[in-house]
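Enquirer: Chains as they are written, first to last, in the working numbering: chain L, 19 to 337; chain U, 10 to 305.
Worth flagging that the hints you see were computed from the coordinates, not collected in a lab.
Don't take each hint at face value.
[As the list claims (entries may be wrong)] Which chain L residues face chain U? A few, computed with CB under 10 Å, are given here:
id, residue
1, Leu171
2, Val181
3, Thr283
4, Arg301
5, Phe317
Being a predicted model, the structure only gives us computed values, none of them experimental.
Glycine residues also receive a C-beta, built at the ideal position from the N, C-alpha and C atoms.
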Amino acid sequence: MGAYIVRRLISVIPTLIGVTIVVFLVMRLLPGDVAGMILAGDGESGSSGNMEARETLREQLGLNLPLHEQYFTWIGGLLQGDAGLSLWSGRPVLDEIGRRIPLTIELALLSIAIAMGIGLPAGMIAALKQDSWVDYALRGLSIGGLAMPPFWLGTLLMLFMVVWFNWTPPLGFVPFFTNPWMNLQQVIWPALVLGYATAAVIARMTRSTMLEVLREDYVRTARAKGLPTTTLVITHTLRNAMLPILTLAAIEFGFMLNGTVIMETIFTLPGIGRYLIDAILHRDYPVVQAIILMMAVSFVLVNLLVDLLYGVLDPRIRY
Amino acid sequence: MTDATASHSDAESRLTRTVRAIFTFALRKPLGAAGLVIIAIFGVLAIGAPWLAPLDPFQINPGALLAPPSPQYWLGTDEFGRDIMSRIIWGARVSMFVGLMAVAIGSTLGAVLGLVGGYLGGVVDDIIQRIVEVLLAFPMLVLALAMVAALGSSTWNVIMALAVVLAPNAARVVRSSVLTIRERPFVEAARNMGLSDRRILFRHILPNCVAPFIITATAGIGTTILSEASLSFLGLGTPPPTPSWGAMLSNNMHSYMVEAPWMALAPGIALTLVVFGFNFLGDALRDVLDPKLRAG
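With the rest of the complex left out, here is chain U (with noise of 0.2 Å):
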């Protein structure tokens, strides 16, 4: 078997030997490819929306006002007649971009303060510890509300004021991970061979950290997805009419889902289940990547 994928092309044997690997990850860790699994169908169910929604899901229907799941409406309509089933595939859209932009930009800019601080030391680090410090003293919901109530709700703001809150959490990992690995020989060695710190950080310390950011920055997308629900439950968090699941559920739609309890469940169990996906992809990643788990 290894003989013939050594024979083949590289690219193939590339190819086998991803493939295996996802194979022997699936194995090892069920709930964490379960979790891969709930991940890429929203990932094509988000991507593919516009063609796999049955309906369009800003169409106003006042002929079937809150209707019951049927043949025609999968899971319903809501209290415009609108279908629920295509609100809830758009809705994987915001979900899943709200989630992965805040985390991409927080998780970055904390990255980037984190290896910064933990390099240089001294002043730099210990104005930007005191930075986290403060960010990290509110509770994450408060203070994306105080941001977003500042700059108005939009797709784009909610983003941001996640973001900021990500950024402390990413910043402290990636600093905690920098400082032991500053002392490592290798680093002492292309200190002394001349190389820039520039050089140093990106190309030595950098992907070193690597493991324990993609654990937090995992980890931290099923949060950010319940936060930006949560925000849009509260109304301030994505505006009417873009379909997001916690706006579906959102309070003002109480007095309607006593009458259409059909209402109050997809967009919870969507929700649910993509949270369930990232946390668990994010702990069997921890198990994986963490050398000091490996073992066991």
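Isolated chain L (complex conformation) (with noise of 0.2 Å):
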């Protein structure tokens, strides 16, 4: 076990270099100079004219040197946890995403803590009501959770309480730490909306395998041995099913970073979503850069995490 946790911790470090090579040249992608395109931006240099300003720039930026020595100074200042200055305030990146993403991290584990309570539960009631109204009824509104586009349902929902409850988007966030009560109500509403999206995903999968796992002999056995119901699901049926699930569960917490940036901007919340889209319209690439590259780095580490955690959840696998 021991040498297999080691050997996968290793097997994550040529994927995370790739993802900062990916990262560094897309952000070279952009056709023509960021320069010229921030001195543009802010609407003071037309096409040709400040060829000295952009010089300066350019300098400023490191955006002279050779591409492989601005990819090793990039990375050199990431690992002394650097990554250089907003373009937009003037202040080190890493402060100011440090600033918003307690409130990402709240959402989206807000939210995959909804759709566990949520998904689990409906379809171990679905698998085990199987073909009954309950069951029909649940896939029902797991199918909308599927097809309806999270933003649309957000925006419903903002729309609906705006109208019937005269409720208005709160100006200014409050951090959890400085008013739990406050900060719930203004973070509830987009967890409950990618909770219900990402719920129905989880409530398929649950169904799914809780049926398979309810063919197999030993739950029959254990059934006829006359199990309480509660015994035979709990122990024998979902432990056994809980694997593919929580594979789903770690696939879908990419997807809440996804949603995460689409909920900060429907519902005016301050995280790092919401960011990475105010960075994108201002073309503060470092600010971007930085954004994207955290949200993959979290995606892979939580992956890493589940492909562990298989080890401790099933006793058949030994390394």
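Since each chain comes alone in its own frame, lean on the hints to assemble the complex.
Expert: Right, here's the structure in full:
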């Protein structure tokens, strides 16, 4: 087991290096020249004029160096906890991200909790009552969750609350540790929308794996022995159905990162996702680069964690 | 019945067979058939938009800003007085076009990579696999966002970005089927006959990977249409004034939607239906085409 963990940890390294290269290259795909774009974005210099200003800016940003040197400078900085300065605010990128990250983590955790809290029991009930009206109703709900775009659901929820309850989107965001109650009132709605969409996926998967496991011989034996249904479901069936569900939950975490971008935009929450969109619109590319890298890295790490959890959950897996 | 069809000309019997196949499919997979019907309807809307749309989707009408649904404007108008019904119909064009093109380009690219890697193995396969792994490490929308941010937002850039996002998945699916097919006796036989690698790959292995490829591709179209809508919703997809369902729901619209809730309904319903259609068609195709599931 120890050897496996070490091997798995090492295997992540090339992926992470690849991720940094992709992020770096994508940001250099910009047709033309970032410096020129930034200057043009200021609306001051036209297309040709300010060559001197452009050269100064290029030097400032390190864009005059050869590509591989730019890459190593960037990575070197990252390893020392320096992702450069935001072109928009002029402050260190990591400070800006650090201020916004707790909200996004809160939103993602709350959404996953809601998704598992609804999806697991719903899938289990649907499987146990296969082909009853409960099953059909739950499946109908999960079809809705799968097909309705989260950004539409979020918009509808928002409109619904504004029109019917005179709710107004709060102007200032309240951090959780300042006032947990106020904070939850702001975060719960987007979390519910994201949670519902994900619950649909989890319920579907839970239902089908549960149905599979319920047909196994050992479950029939356990039932014949006269075990109560609760014991049967929890210790015999659920544990064995858990692996694919967990894998899915990890994949869903990646979608969750997509979702936070959208939810934070709709519900005007100052998290990482919204910051990413703002940074893209402002061409604040050190920020864009850092956030995308961070999202990809956290996605890789969550998958790693799930792989390692397999060994704990499934006694048949011995590395 | 069979005798009668057999006596007809070849083309006719093929037609009867196709019709019967579709009919059997509809009976066995009602949801899949419903999906097919929805896709067909939106497909017709997309192709026939210039003739089917009641009004010009770009026509600004200061006399009818935020007009509620009425016989003249079936689904109401938006903040510029543009007819929402016509914009929905033209929006089907954008959604379907982007969805199909991105999946066609991305899946083909991925399939070729998977085919070549899976067949050749060795260093080539290793390199392709590493690239696939790295691309799969990105959350889909985030990678697309990054690429559109770099390339600038235009319909073709959105298609390219989504294609790159889709390719690794197709590569993975095709590669894994190539790996099993490569070991089958008929491939061995073809190799012993001295056929070229290219011929074996494209004439003997490729046709056997088509089913999993079609399943992944169909299921991918729904997600891709959603991604395009999400990008447009965020203001980074199809640029205005081109009608796109995602952009019609975008955040700048929220202030108008309180006054004119019909603006929020139609594009969302259209999107939901199309995504629903492709997902159910994909599911049904998987059940029908996957030999492992066919028995049940």
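Enquirer: Take the hints in turn and mark each one as holding or not.
Expert: To see whether the hints hold, each was checked on the structure:
1. Leu171: Nearest chain U Cβ about 8 Å off; hint holds.
2. Val181: For Val181(L), the interface hint holds, since the closest Cβ of chain U sits about 6 Å away, which is under 10 Å.
3. Thr283: Holds: closest Cβ of chain U sits about 6 Å from Thr283(L), inside 10 Å.
4. Arg301: 8 Å, holds
5. Phe317: 6 Å, holds
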